[in-house]
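Asker: So you can see what is in the structure, the chains are spelled out below.
2 protein chains.
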Amino acid sequence: MIPISEKMLELGEKSSVIREIFEYGNRRRAEIGAENVFDFSLGNPSVPAPPEVNAAIRELLDGDAVSVHGYTSAPGDMNTRRAVAEYLCKTHGASLKAENIYMTCGAAASLTATLNAICVPGDEVIALAPFFPEYRVFAEKAGAVLVAVKCREHDMQIDVSALDAAINCKTKAIIINSPNNPTGVVYPEETIKEISNILKKRSAEYGKPIYIIADEPYRELVYDGHVKVPFIPNYYDETVVCYSFSKSLSLPGERIGYVAVGDKCTEWKRLFAAICGAGRSLGFVCAPSLFQKIVPKCLGKTADISIYKKNRDILVGALTKYGYYVIRADGAFYLFVKSPEADAAAFCEKAKKYELLLVPSDSFSFPGYVRIAYCVGTDMIERSLPAFEALAKEYGLK
Amino acid sequence: MIPISEKMLELGEKSSVIREIFEYGNRRRAEIGAENVFDFSLGNPSVPAPPEVNAAIRELLDGDAVSVHGYTSAPGDMNTRRAVAEYLCKTHGASLKAENIYMTCGAAASLTATLNAICVPGDEVIALAPFFPEYRVFAEKAGAVLVAVKCREHDMQIDVSALDAAINCKTKAIIINSPNNPTGVVYPEETIKEISNILKKRSAEYGKPIYIIADEPYRELVYDGHVKVPFIPNYYDETVVCYSFSKSLSLPGERIGYVAVGDKCTEWKRLFAAICGAGRSLGFVCAPSLFQKIVPKCLGKTADISIYKKNRDILVGALTKYGYYVIRADGAFYLFVKSPEADAAAFCEKAKKYELLLVPSDSFSFPGYVRIAYCVGTDMIERSLPAFEALAKEYGLK
Chain A
1 MIPISEKMLE LGEKSSVIRE IFEYGNRRRA EIGAENVFDF SLGNPSVPAP
51 PEVNAAIREL LDGDAVSVHG YTSAPGDMNT RRAVAEYLCK THGASLKAEN
101 IYMTCGAAAS LTATLNAICV PGDEVIALAP FFPEYRVFAE KAGAVLVAVK
151 CREHDMQIDV SALDAAINCK TKAIIINSPN NPTGVVYPEE TIKEISNILK
201 KRSAEYGKPI YIIADEPYRE LVYDGHVKVP FIPNYYDETV VCYSFSKSLS
251 LPGERIGYVA VGDKCTEWKR LFAAICGAGR SLGFVCAPSL FQKIVPKCLG
301 KTADISIYKK NRDILVGALT KYGYYVIRAD GAFYLFVKSP EADAAAFCEK
351 AKKYELLLVP SDSFSFPGYV RIAYCVGTDM IERSLPAFEA LAKEYGLK
Chain B
1 MIPISEKMLE LGEKSSVIRE IFEYGNRRRA EIGAENVFDF SLGNPSVPAP
51 PEVNAAIREL LDGDAVSVHG YTSAPGDMNT RRAVAEYLCK THGASLKAEN
101 IYMTCGAAAS LTATLNAICV PGDEVIALAP FFPEYRVFAE KAGAVLVAVK
151 CREHDMQIDV SALDAAINCK TKAIIINSPN NPTGVVYPEE TIKEISNILK
201 KRSAEYGKPI YIIADEPYRE LVYDGHVKVP FIPNYYDETV VCYSFSKSLS
251 LPGERIGYVA VGDKCTEWKR LFAAICGAGR SLGFVCAPSL FQKIVPKCLG
301 KTADISIYKK NRDILVGALT KYGYYVIRAD GAFYLFVKSP EADAAAFCEK
351 AKKYELLLVP SDSFSFPGYV RIAYCVGTDM IERSLPAFEA LAKEYGLK
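Line by line, the protein sequences give chains A and B.
Here the first sequence is numbered in our numbering, starting from 1 and rising by one per residue.
Here the second sequence is numbered in our numbering, starting from 1 and rising by one per residue.
The hints are simulated quantities; they were obtained by calculation from the structure and are not laboratory data.
All values derive from a computational prediction rather than experimental measurement.
Each hint should be verified, as a subset may be incorrect.
Identical chains blur together in the list; that is why a pair holds if it fits in one copy or across any two.
No farther apart than 30 Å at their CA atoms in a straight line, the calculated lysine-lysine pairs in the DSBU-like style are these [unchecked claim]:
no., residue 1, residue 2
1, 353, 310
2, 7, 170
3, 97, 7
4, 170, 90
5, 14, 264
6, 352, 193
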C-alpha cells in the first residue's frame, strides 16, 4: 500500500450516505422514470438565481476585459467587501467596515479558514447535534476534536444546560447553524442571549475567548414574517460569521461567501489576519473574481423562496396528518421527521419500496430521524404524498 | 494574546515582499503619475481572456438556469473532466479518462489537495530553488518539510546531481514547475529523463513511489516554436499534474484548474481518492461551476501570448545590451536578472530611484537576483528602458 495520508484516503473513499442515496435515485429514475421517484436526498437549490445575478454577470462582461477575471487582493475586492459591510450594518445594525470582511469560496471555505486560524492541537469545537457532517471533517483537519452536544429531542432546540456542561478549558468554539441543516429549526433570540451569557462567563473564567462560529448559509430562508434569525454578533462579541450566497442567491456551485470578524472580537485584527493566513495555507488565493463582483449588485436579493415555503407547508400539513412527528421548521429547506422505528436506516429502506428517498439522520450525529430536503419541484411533492401516506399506514401511525 | 494558531497568524500578518512593492507602486503612481512608474512586481496577466471565454459564459447563461450555477459533483462536472482528459490525450499522447481528472479552484488548490493527500508527518518535499514561495507554505501546512535544492546558477537549470543527493527515505515528492516562476526557464526533455531515471531507482530502493508534482500553470506560455515543454507523465509514471487555466486563459481570479492522476501511478485510484478527500477536508466543495463549464469550449485556446513574447524580446535585448546578466527565459512571463551587487534588496532600492519596481529573489529562496514580471503593457516596457540603462551605468555594467 502506498504510504499516503490514510485520513484523506478515508474521506475520499467513504462515499457519503446522501451521495449513495442520490446515486440509487439515479438508477431508479432510469428504471421507472424520473416522475415516479420521490427524491428528497439532496440540499441542492431547485429555484434559479434571481435575475439580477445573470444581469450583473452580463454587465461585468461588457466592462474591463482584464480586471473582470483578474486576481483580487486575497481578502477580496475592496468594493465588494465595502458593500457587504454596509449591507450588514444596514440590515442588522452591525458595526462593520470593509476591513472586517474576508471574501471566501463559500461557506465550507469560510469554516475551514476560521477553524484552521483559531484551533491549535488539543482544542475542542462544539457542534450542536444534529449537525452538518462536514463540521467534523473540517474541525479534525484543523487539529481540533469535535464534541457533539445533543439538542432537545422534542423540538431540536439547543439544550443550553447540556451545552454549558460540555464547555471546558479546551473549548475553542461553538458552531451555531441557524436556520439549521438538517432540522430547519431557527434558534430564537432568547436562546442566543442565554448562550451568550454562558460564553461570556466561561470566557472570563478561562481567560480567553470562546468563539461562536455562526454558520449562516440559510439566513434568508425563513418563511414566516414573525420569525427572526438573530444576528449573533449583536449579542456576543466573540462571534465569527461564516456566510455563503449558495442558498440565498441559488449559486451553490459558484463558491462565493464571506467571513465577518467584528471590531469587538478580542484582538480582532490578529484574528482576521490568522483567518487570511489560514485561507492562504489551504490554497484559497482569492474568492472567484466574477462572482465577488456581482455581490454588490445582488445584496438583499434572493431566489424565489416562496416556492420553498409552499413546499414546506404542503409537506408539514400532509405528514402531520398522516401521523408523522415533524420538527417545527421555520427555515432552510429541510424537514426533520421522527422515524417510526428506532433504526432510521431501516425506515429509509422501507420508504424506498414507495420510491421515497429520505436520508437517515445517523450521519448528522442524531439517530432516529430522517431528513427531507424539500428544495424540489412542488409537483414532485404533491405526487409523493400518497407514498408518504401508505408508508405511514404500514407503520400504523394513525 | 488570544490563543490562536501562531503559524496562521504569521502567514496572514507577514505581507509578502511582492505585495509591499506593489503597494509602494500604488503610492508612487498617485504621486508622480502612473505613466512614470515602471512596475514589474506582479505576475498578473495583462492580456484579456480569449473571446471564447466570455462567449461561452454568455451561452451558458442562456441555458438551464438552475444547473449553470448548481453544484457539480466534488471531482467536477463529468463533461468537463472528459473534455480535459481527451484534450490531454490528443495534445500530449497521454492516456487519461474523465476518472483521472479532478477539477480544482486553481493551481494553489491543486497543490494543496495533492500535498495534503500524499504527505504524512515527517515527509520531505523537494522544491527546486528559485521557487514560488507558497510551495513552502503549502508543504508545511500539509505536515511536510520543504527541502530546497538550488538550480545551477549560470542558467537556472536543474542540478540533477544535487537533486539526487537531496533525496532520502523521507522524500515524498519533488515539485517541478516548468516554465518556471520566477526564472522563465523551461526544463528540457533530457533533464526530465535524467530525473525520471533517478526517481525510478530511488523509488525502487525505498519501496515506495516518490512523486513528481508537475505544477504547470505556465505550460502554454512559451514563445519559440522549437521549445517544447515535456509532458512529465510520459516519462515518469508517478506524476501528478497540477494545472491552472489562470495564465493560459487569463482567468487568474476565477480559480479554475485541475489535477490529473494517470492510471500508471501506483494504486492510482487510492491516490486519486485521497486527493479528493484532501480537497474536501480543506473546504473545496467543487470548482466554480460556471468556469468548469466553459472549459470544454475553451481548451486549446489561449490569451494573446504574442504580446508577452514581444515584451520578453524587447527586455532581453535591451537588458543584455546594458550589461545585465539575464537568465535565458523560454516561457512564463518572468525574467530572472542577476543583481549587480550581492544584496538584491539593496539593488531593488537603488532601482526605485529610477521608478523601477523589481522583486528581489530572496523570497524565491535564491538570493542575488531580481524577478521582472513582463506581463505588463509593451508601452511601459519601452518607457522603462532609459531607467534600466541609467541604473546599469550607475553600477558601471558596461
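Asker: If a hint holds in the structure, say so; if it does not, say that too.
Answerer: Here is what the structure says about each hint:
1. 353 with 310: Close inside one copy (26 Å), not across copies (68 Å); limit 30 Å.
2. 7 with 170: both (23 Å within a copy, 19 Å between copies)
3. 97 with 7: between (39 Å within a copy, 26 Å between copies)
4. 170 with 90: neither (36 Å within a copy, 55 Å between copies)
5. 14 with 264: between (41 Å within a copy, 23 Å between copies)
6. 352 with 193: Cα proximity of residue 352 and residue 193: none, with 42 Å in one copy and 56 Å across.
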